Amino acid sequence: MRRLAACLMSCLFAVTAQAAEVTTYTLDNGLEIVVLEDHRAPVVVHMVWYRAGAADEPPGKSGIAHYLEHLLFKGTDDLAPGEFSDTVARNGGSDNAFTSWDYTGYFQRVAADRLELMMQMEADRMRDLRLTGTDILTERDVIIEERNQRVENDPGALFNEQRRAAMYLNHPYGIPIIGWRHEAEALTLDDALAFYRTFYAPNNAILIVAGDVEPEDVLELAKTHYGPLAPTLGLGDRQRPAEPPQLSERRLTFEDPRVAQPYVVRTYLAPERDPGAQEEAAALVLLAELLGGNGATSVLGRKLQFEAQKAVFTSAFYQAVSYDDTSFGFYIVPVPGLSLAEAEAALDQAVDEFLAEGIDPDQFARIKMQLRASRIYAEDSPQRLARRYGAALTSGLTVEDIEAWPDILQAVTAEDVLAAAERVFDRRRSVTGWLMQPQSQEVTQ
Amino acid sequence: MIRLAFALTGLLFAALPARAAVEIQEVVSPGGITAWLVEEHSIPFVALELQFKGGASLDAAGKRGAINLMTGLIEEGAGDLDAQGFAEAVESLAARFSFDVFDDGLSISAQFLTETREASVALLKSALTEPRFDDDAIERVRQQVLSIIRSDATDPDEIASQAFDGLFFGDHPYGSSLNGTLESVGALTRDDIVAAHDRVISRDHLFVAAVGDITAEELGAMLDDLLGDLPASGAPEPALAEIGVAGGITVVPFETPQSVAIFGHSGIARDDPDFFAAFVMNQILGGGNFSSRLMEEVREKRGLTYGVYSYLMDKDYADLVVGRVASANDRIADAIAVIKDEWARVAAEGVSDAELADAKTYLTGAYPLRFDGNARIAGLLVGMQTAGLPIDYIATRNDKVNAVTAEDIRRVAARLIDPEALHFVVVGQPEGLEATN
Numbered sequence: 001m002r003r004l005a006a007c008l009m010s011c012l013f014a015v016t017a018q019a020a021e022v023t024t025y026t027l028d029n030g031l032e033i034v035v036l037e038d039h040r041a042p043v044v045v046h047m048v049w050y051r052a053g054a055a056d057e058p059p060g061k062s063g064i065a066h067y068l069e070h071l072l073f074k075g076t077d078d079l080a081p082g083e084f085s086d087t088v089a090r091n092g093g094s095d096n097a098f099t100s101w102d103y104t105g106y107f108q109r110v111a112a113d114r115l116e117l118m119m120q121m122e123a124d125r126m127r128d129l130r131l132t133g134t135d136i137l138t139e140r141d142v143i144i145e146e147r148n149q150r151v152e153n154d155p156g157a158l159f160n161e162q163r164r165a166a167m168y169l170n171h172p173y174g175i176p177i178i179g180w181r182h183e184a185e186a187l188t189l190d191d192a193l194a195f196y197r198t199f200y201a202p203n204n205a206i207l208i209v210a211g212d213v214e215p216e217d218v219l220e221l222a223k224t225h226y227g228p229l230a231p232t233l234g235l236g237d238r239q240r241p242a243e244p245p246q247l248s249e250r251r252l253t254f255e256d257p258r259v260a261q262p263y264v265v266r267t268y269l270a271p272e273r274d275p276g277a278q279e280e281a282a283a284l285v286l287l288a289e290l291l292g293g294n295g296a297t298s299v300l301g302r303k304l305q306f307e308a309q310k311a312v313f314t315s316a317f318y319q320a321v322s323y324d325d326t327s328f329g330f331y332i333v334p335v336p337g338l339s340l341a342e343a344e345a346a347l348d349q350a351v352d353e354f355l356a357e358g359i360d361p362d363q364f365a366r367i368k369m370q371l372r373a374s375r376i377y378a379e380d381s382p383q384r385l386a387r388r389y390g391a392a393l394t395s396g397l398t399v400e401d402i403e404a405w406p407d408i409l410q411a412v413t414a415e416d417v418l419a420a421a422e423r424v425f426d427r428r429r430s431v432t433g434w435l436m437q438p439q440s441q442e443v444t445q
Numbered sequence: 001m002i003r004l005a006f007a008l009t010g011l012l013f014a015a016l017p018a019r020a021a022v023e024i025q026e027v028v029s030p031g032g033i034t035a036w037l038v039e040e041h042s043i044p045f046v047a048l049e050l051q052f053k054g055g056a057s058l059d060a061a062g063k064r065g066a067i068n069l070m071t072g073l074i075e076e077g078a079g080d081l082d083a084q085g086f087a088e089a090v091e092s093l094a095a096r097f098s099f100d101v102f103d104d105g106l107s108i109s110a111q112f113l114t115e116t117r118e119a120s121v122a123l124l125k126s127a128l129t130e131p132r133f134d135d136d137a138i139e140r141v142r143q144q145v146l147s148i149i150r151s152d153a154t155d156p157d158e159i160a161s162q163a164f165d166g167l168f169f170g171d172h173p174y175g176s177s178l179n180g181t182l183e184s185v186g187a188l189t190r191d192d193i194v195a196a197h198d199r200v201i202s203r204d205h206l207f208v209a210a211v212g213d214i215t216a217e218e219l220g221a222m223l224d225d226l227l228g229d230l231p232a233s234g235a236p237e238p239a240l241a242e243i244g245v246a247g248g249i250t251v252v253p254f255e256t257p258q259s260v261a262i263f264g265h266s267g268i269a270r271d272d273p274d275f276f277a278a279f280v281m282n283q284i285l286g287g288g289n290f291s292s293r294l295m296e297e298v299r300e301k302r303g304l305t306y307g308v309y310s311y312l313m314d315k316d317y318a319d320l321v322v323g324r325v326a327s328a329n330d331r332i333a334d335a336i337a338v339i340k341d342e343w344a345r346v347a348a349e350g351v352s353d354a355e356l357a358d359a360k361t362y363l364t365g366a367y368p369l370r371f372d373g374n375a376r377i378a379g380l381l382v383g384m385q386t387a388g389l390p391i392d393y394i395a396t397r398n399d400k401v402n403a404v405t406a407e408d409i410r411r412v413a414a415r416l417i418d419p420e421a422l423h424f425v426v427v428g429q430p431e432g433l434e435a436t437n
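As you go down the protein sequences, you meet chains A and B in turn. Here the first sequence stands for residues 1 to 445, numbered as in the working numbering. Here the second sequence stands for residues 1 to 437, numbered as in the working numbering.
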């Protein structure tokens, strides 16, 4: 096996040279354009991403970015409420939208010959939204039901909200995207329109078109439909409250009778991929893979699931793409009979041992091999590729950063990973959460 | 602002739906194994999809959960490799194997690079033909399954779907969770796991598709190498499921703020002459996009839910029409009333010509969009085979949609859709809802 892996490195380098064609443009009004060509099927994904998400909301208006996302389907000067999606459907396409802390995105997936119609409609709703009072009240009920479905009905999701709020002392990443319930219930038309007029503009947007298209054709269509739109003047850099030095570890226990499987999660404040400086984040990506990537081969899996047999599941996670400081974490789901205190101690011991023992060179090589191969597999889905570009570009990275990323990952050394681990595992900048049934039922099975 | 009306009309009628650019070859290996193949050499990997028909429904009596546990163990050691050795070998090759089981099949989705094809296939063959089922692996995966069973017991969606299945299908395998119960899984032995493997993994249950960087000749040799040693036959087919419930409402009390409802009644077979009429009818009633009647009435007009849909559930041994909705405890009764009204309306009146025309353009336009990506296409090709569809089906499918008339829909809606037969299973603390059980 080892010999085979060595041979693969050279083969793969030859292969990635043929990666998907990426072409970029910028219109005079500031709209950035990224075209990702894939001519295997006559399909296109058309996306507009705004550099505005839940972390850009005004204080007290949590959920407004997401609420506005829903309202963008409620009509413009040229489109009746619902007509946008109905038109996409009549053309055999599907459409939807998504909101994160750093971005809001809209997309349609259609036959490639319908691209112009999508552009026409998306450009229309970038500046010409028209909303009525009844529509927006009904839609507010919908987002409350969405919150019920995603959060209130799921103790794990409620727990995540509480942990996140504890992770960030000052930065709005601590506020849920869907909004705190009491604030989401009180959002108004004026709140939505204020956010819309500021942030929905060509100079705050990125157009991504992926699929069976020629870049010059996309540019011409974009000029026609997005070109006439006026930018928001005076839109400066994103200004968000920053984290103060975090000096004290936070711990929380969330109890809910609906919890069937207790577990422990620990997160640490961590640096994200920064433009021109992605090395530390690359080391943390490798660290997450080494610690908790695969249950059978990772450090936590080996030590806690296979050797000590104290865990049913373990994992480590790190969100590298983010505009501001992100988090690195891991969790342990203990075997029946093991308390959460014991589980947490076992988790800490496993991480300490890892730092003392160092990195298994074979595991390190296998992970790098998989990262190389993932570039080839990623080409199978233009939609996923487009989402990767959109998320990175709205999180402050450039196309150059995205293209440099695979080589930066490959250049990470074992020493880099251990050094990054020593920096990130600072308990003063951590949150430890226990999810469990009320009272002493923590060890129920 | 640019006016849209003219362009909308022009584009809508001028453009024809895209054609699915998929050329399927039937490959029969020298050893007699049939597969469907789409060659796609632009990316140097292959997506291989295997499905063993029957899946978890082939569990032996009293051994519920054995096939699911066995599926979780396929990658936990094979041949000379223990669980960790096997996982390391997969990683070294940068291959991707996933093993999944559902009511009607056990599916194996494999992706491997052209460069490592031979070694990847050898590894997959080892997993299929010489799994070790080591005692420590069985215990480890058993604990994972038990953890999932415990979690499902307090998840309103899972409670709803398990209660629904139990009501509708009773003692048939469809009537219980394929995970099994804490008791049944706790009692499974290694012999049960070996027996479960023998029941499912066999040539007579097998369907194969491959998409990617491989020729027909290469695939033929690969099929014999990978699958030639499998036993000829496994367990016999399960019986047809009888639907054992009439219309009504079943409430499963559970303390949670939002009630989850799953509803349904008997359906229509895939090979029924009116299947396509029913399919188009359902698209209008509760199909998956924002334009359906249920979305319009329950969500868009009244804000009663985040999502509501219905679909034709065509399983191998039962056909239902099924839907789902979730609303706050004090609003779920309203949502259910609106759904019953829509059920009655389509049964009595059918659909309008405009709705029919829109549904056709959506369905015929969306169909070719499914065929993007090697892995997606491989999955679709196996699905077509297990449904008994011919290899030229893709070329004729849109014609079948276009042939549906408003009269066809009126006929099939009157026969199929029945608000009185509709049974709702509601999990939560619904207010103002009278349970009939």
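To be clear, the hints were calculated from the coordinates, so they are not data collected in a lab. The model shown is predicted, which means the values in this text are computed figures rather than measured ones. Backbone N, C-alpha and C fix where the C-beta goes; we use that ideal spot for every residue, glycine too. Check each hint, because a few of them may be wrong.
To be verified - Partial list, derived from the structure: chain B residues whose beta carbon lies under 7 Å from chain A:
1. G79
2. N289
3. A326
4. A414
Stated by the list, open to error - Not everything, but these chain A residues come out facing chain B in the computed CB check (under 7 Å):
5. R90
6. P275
7. E279
What the hints assert, rightly or not - DSBU-like, lysine-lysine: derived pairs with alpha carbons at most 35 Å apart:
8. A:K368 - B:K400
9. B:K340 - B:K400
10. B:K340 - B:K301
11. B:K301 - B:K315
12. B:K360 - B:K301
13. A:K223 - B:K360
Consistency of the hints with the structure:
no., hint, result
1, G79, "violated (13 Å)"
2, N289, "holds (5 Å)"
3, A326, "holds (5 Å)"
4, A414, "violated (26 Å)"
5, R90, "holds (5 Å)"
6, P275, "violated (29 Å)"
7, E279, "violated (24 Å)"
8, A:K368 - B:K400, "violated (49 Å)"
9, B:K340 - B:K400, "holds (29 Å)"
10, B:K340 - B:K301, "holds (16 Å)"
11, B:K301 - B:K315, "holds (33 Å)"
12, B:K360 - B:K301, "holds (24 Å)"
13, A:K223 - B:K360, "holds (33 Å)"
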